[in-house]
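Visitor: This is what each chain is made of:
2 protein chains.
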Amino acid sequence: MRIALDIMGGDHAPAAMVEGALQAAEEWSDTELILLGPVERSESLLTGRRPANLSLKAVEEWISAEEEPVRAIRRKKGSTIVVGCRMVREGEAEAFISAGNTGALMAAGTMVTGRIDGIARPALAPMFPTLDGKGMLVLDVGANPEARPEHLEQYALMGSIYAEKVLGFEKPRVGLLNIGIEEGKGTSLIIDSFARIRELPIHFIGNVEARDLLDGGCDVLVCDGFTGNVLLKNTEGVAKAVFGRLKEELTRSPATKLAAAILKPGLKRFAREMDYKEHGGAPLLGLKGPVVKAHGSSDARAVYNAVRQARRFVQRDVIKGISEELQRLG
Amino acid sequence: MRIALDIMGGDHAPAAMVEGALQAAEEWSDTELILLGPVERSESLLTGRRPANLSLKAVEEWISAEEEPVRAIRRKKGSTIVVGCRMVREGEAEAFISAGNTGALMAAGTMVTGRIDGIARPALAPMFPTLDGKGMLVLDVGANPEARPEHLEQYALMGSIYAEKVLGFEKPRVGLLNIGIEEGKGTSLIIDSFARIRELPIHFIGNVEARDLLDGGCDVLVCDGFTGNVLLKNTEGVAKAVFGRLKEELTRSPATKLAAAILKPGLKRFAREMDYKEHGGAPLLGLKGPVVKAHGSSDARAVYNAVRQARRFVQRDVIKGISEELQRLG
Numbered sequence: 001m002r003i004a005l006d007i008m009g010g011d012h013a014p015a016a017m018v019e020g021a022l023q024a025a026e027e028w029s030d031t032e033l034i035l036l037g038p039v040e041r042s043e044s045l046l047t048g049r050r051p052a053n054l055s056l057k058a059v060e061e062w063i064s065a066e067e068e069p070v071r072a073i074r075r076k077k078g079s080t081i082v083v084g085c086r087m088v089r090e091g092e093a094e095a096f097i098s099a100g101n102t103g104a105l106m107a108a109g110t111m112v113t114g115r116i117d118g119i120a121r122p123a124l125a126p127m128f129p130t131l132d133g134k135g136m137l138v139l140d141v142g143a144n145p146e147a148r149p150e151h152l153e154q155y156a157l158m159g160s161i162y163a164e165k166v167l168g169f170e171k172p173r174v175g176l177l178n179i180g181i182e183e184g185k186g187t188s189l190i191i192d193s194f195a196r197i198r199e200l201p202i203h204f205i206g207n208v209e210a211r212d213l214l215d216g217g218c219d220v221l222v223c224d225g226f227t228g229n230v231l232l233k234n235t236e237g238v239a240k241a242v243f244g245r246l247k248e249e250l251t252r253s254p255a256t257k258l259a260a261a262i263l264k265p266g267l268k269r270f271a272r273e274m275d276y277k278e279h280g281g282a283p284l285l286g287l288k289g290p291v292v293k294a295h296g297s298s299d300a301r302a303v304y305n306a307v308r309q310a311r312r313f314v315q316r317d318v319i320k321g322i323s324e325e326l327q328r329l330g
Numbered sequence: 001m002r003i004a005l006d007i008m009g010g011d012h013a014p015a016a017m018v019e020g021a022l023q024a025a026e027e028w029s030d031t032e033l034i035l036l037g038p039v040e041r042s043e044s045l046l047t048g049r050r051p052a053n054l055s056l057k058a059v060e061e062w063i064s065a066e067e068e069p070v071r072a073i074r075r076k077k078g079s080t081i082v083v084g085c086r087m088v089r090e091g092e093a094e095a096f097i098s099a100g101n102t103g104a105l106m107a108a109g110t111m112v113t114g115r116i117d118g119i120a121r122p123a124l125a126p127m128f129p130t131l132d133g134k135g136m137l138v139l140d141v142g143a144n145p146e147a148r149p150e151h152l153e154q155y156a157l158m159g160s161i162y163a164e165k166v167l168g169f170e171k172p173r174v175g176l177l178n179i180g181i182e183e184g185k186g187t188s189l190i191i192d193s194f195a196r197i198r199e200l201p202i203h204f205i206g207n208v209e210a211r212d213l214l215d216g217g218c219d220v221l222v223c224d225g226f227t228g229n230v231l232l233k234n235t236e237g238v239a240k241a242v243f244g245r246l247k248e249e250l251t252r253s254p255a256t257k258l259a260a261a262i263l264k265p266g267l268k269r270f271a272r273e274m275d276y277k278e279h280g281g282a283p284l285l286g287l288k289g290p291v292v293k294a295h296g297s298s299d300a301r302a303v304y305n306a307v308r309q310a311r312r313f314v315q316r317d318v319i320k321g322i323s324e325e326l327q328r329l330g
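Chains as they are written, first to last, in the UniProt record's numbering: chain A, 1 to 330; chain B, 1 to 330.
These are computed hints drawn from the structure, not numbers from a lab. Incorrect hints may have been included.
It does not matter which identical chain is meant; a pair holds if it fits inside one copy or across any two.
Unchecked claim - List time: in silico EDC-like cross-link candidates among lysine to aspartate or glutamate, alpha-carbon distance up to 20 Å:
hint, residue 1, residue 2
1, Lys185, Glu68
2, Lys134, Glu43
3, Lys320, Asp117
4, Lys247, Asp212
5, Lys320, Asp215
Let's have the full structure, built from the sequences with the hints guiding it.
Guide: Structure below.
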């Protein structure tokens, strides 16, 4: 299996990307990692290490985090993101991973790799941490801010298939994010989506409230891209703020610093549980090939996890599964 | 000034309501507290204490948290919530406070107290904690899930006036919740709302992302009721989960318990900062009279704070301020 990796996207690019790819190449000898970016950048970071299943593809252009996505992918047809999405479309790679500009990756995924026949909108589907450590797939978180009920219906279907095949959830519990658990609550978008999702051959558990998400009561959470994006960023923001203030308390005096030393192992474990990076990247579901968005702050370990995830995405034939289910439902 | 208080709403009703009212009556001799509920319940909790500025009004019906709001207020015209809203409309009280069924209070506020002329939809506007301790007013969080740009425009105006007059923010910074800070991001609702809000005579700072909310960069956050409700509940859920896991770590062993004892004052201070109850209740903005929703989990102190807030709501003539601004803008 060949997996293309954008070395030029993410806060710690290219070092973390190259290091993560090396770790992945060492772990999985059946997988060829193809690093997209300036060859001399990869080479200087590899410092002579070059497993047989790691290759470099010279790509001299990339899209920065600040660029306007659609304009960027139109102007930079030779950029890592566009090249990676094209490789997947043309079968030069079975999957593509990037930690770069999320909007550009979604746009290139849609316009270059292309949508599965019958899918109206792809969805970006990251994992959220839950207190039981299993995590929860949330989609969409921003690929499509202006959602319609048929989009949410397809998210539910795609999320259920992905959660079962890649994440290993048995009969994943799919919930619909709403402002109350009773049927009939919420906006007309949600009410109409509820009516459609309940007819799908999935394990739909109905409405779920934002208050209960971390308790792990659902495995796949369906929402429109605007709400999902707010949810994702708010969760990050609150967790970061709480940990920040906690750190302040722990370093306030010599006595609290002593207490902090005692608590350190437990707090570290906790911080790791809450860390998105442990869960790999976010698949762009609904495309003709596996495209994975790694977190912008990905370190080498996160890149390694994203490769593991992309491997399963390919091995479990998720895209064929989605296509077949769509055809079956007509 | 007369303030009516529903003693039958909230998780700790009626004890917390009666106790909070007593504290408020003792603090502000110029304010008459009128307790709505079964007189014998109030009397048994007062245990003989009866300040001259505290009176009891016999109301024998109330709406539980589980009841469907609109049906409940139609069927229970003699309930504490409906009676309180009617007292405000008829000038028998200058303000009404309830910690009961939020939907029922919003429905009764709209249908019984009534909207200010020119206001399309009232908004529920609670305070969110921020790390600088000042807090941020968020509206709407669920009074109106199906928002239009003209609603968000009015939220911005009402929120700015309330934040200035009641919360004491000078030239409150008003932000629009969006999935990116650039103009032109987000749904058509947000893009159209942005265009309207920028024309208002307020201090509009543009789009704000959910990630940055706790940093205290804005004083008034405008959003549709669905997104606001999700934001509120997610913030509560994440904070609760993090504190819960922290407690687990602190009580894991004798050593961590010792460490916990050292950290206790700091952690308590932090928990208090993050506590919604410190900030009083959420006004229902856009009604003809001050109606305040106290948090469902209100204790006596939260009720006392809600009274303080209702007093300012009346004293600073917020409703007149909103009406006049609306007329001025035509």
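Visitor: Which of the listed hints are not met by the structure?
Guide: 2, 5
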